[in-house]
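> These protein sequence lines map, in sequence, to chains A and B.
Just add 154 to the spot in the first sequence (first one is 1) and you have our numbering.
Just add 8 to the spot in the second sequence (first one is 1) and you have our numbering.
Simulated from the structure, these hints should not be mistaken for lab results.
Because the structure is a prediction, the values reported are computed rather than measured.
One or more of the hints may lead you astray.
Claimed, not checked - Just some of the chain B residues that point at chain A, by a computed CB distance under 8 Å:
1. Gly78
2. Lys81
3. His117
4. Ile126
5. Ile128
6. Leu133
7. Leu138
8. Ser141
9. Leu143
Ideal Cβ placement from N, Cα and C applies to all residues, glycine included.
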Amino acid sequence: MKRRPDKGARADEARRIRDALNLVLKQQHFPYGIRQFDLEFGEDSTGDPAVWIWFPIDDDPDPSKEKLSRLNRLVQQTRDMIREYGVTRWPYVHFRAAG
Amino acid sequence: MGSLHDELLAQAWLLAKKEPKRPLQASLRRAVSAAYYAVFHLLVDAGGRSLTEPSDLTLRHQVQRAYNHGTMKFVCQNLHVLNPVVTLPLEPQLIDVATAFVDLQQARHDADYDYSIILIRTNVLQKIALADSALLNWKAVRNTPNARAFLAALLLQRQWRT
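Here chain A stands alone, though its shape is the one from the complex:
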């Protein structure tokens, strides 16, 4: 299924999200080597404006509880920072294979 594009996506919104994410990654000392991200704008399953944020990461067959907690903190801080930067669309944060 192809994600429905969101007509409301604007360049300045993308810039604010990028600024927020760059700050989060820097504050968290680039956890697990994450230095980049990809953004995808669209509508979520109920038609609300959303942004999908993809962090590339080396897959780990057996991550520790500590690692999973740290990744969830990264997700939480990403959400908080994006709100602080005035973006109201819902961020869906995912990790995908690096490279």
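For this one, chain A is given, so just place chain B on it according to the hints.
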């Protein structure tokens, strides 16, 4: 017999680790789905219990069938709609449960219908850990007045709007 939500969470962990070296997309996608449904059934079960007597299983099951994924997502995404039936500020654990519900519902939708993504185990385990945290956070707040109001809103918000 354990609770359905606990069983679903356990199933999610099992599916995510089912193939130790090269996980099948089917296993990973079903693991995400099970993680979402663990939180969904947790809230539906709690809602049914909060509105019925323990002995009235028939009524409880009918109440549980009335919960709607879309309405629940709307409430979780717009917690301000809980005014004025809650006492502010909301407990952080309650906010975390609501946020996890929204994230997991969309993750399930993507896992079930978005053929363009290739899931990796780390991503799936992070989602399951999120569901795990939601279950723990719910335990911390489930007996509060705000949690009861939240459960009522998950069921009735559509009617409150009209």
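> All hints are to be evaluated individually against the structure, with a verdict given for each.
Each hint, compared with the structure:
no. : hint   : result
1   : Gly78  : holds (6 Å)
2   : Lys81  : holds (6 Å)
3   : His117 : holds (4 Å)
4   : Ile126 : holds (7 Å)
5   : Ile128 : holds (4 Å)
6   : Leu133 : holds (6 Å)
7   : Leu138 : holds (6 Å)
8   : Ser141 : holds (7 Å)
9   : Leu143 : violated (14 Å)
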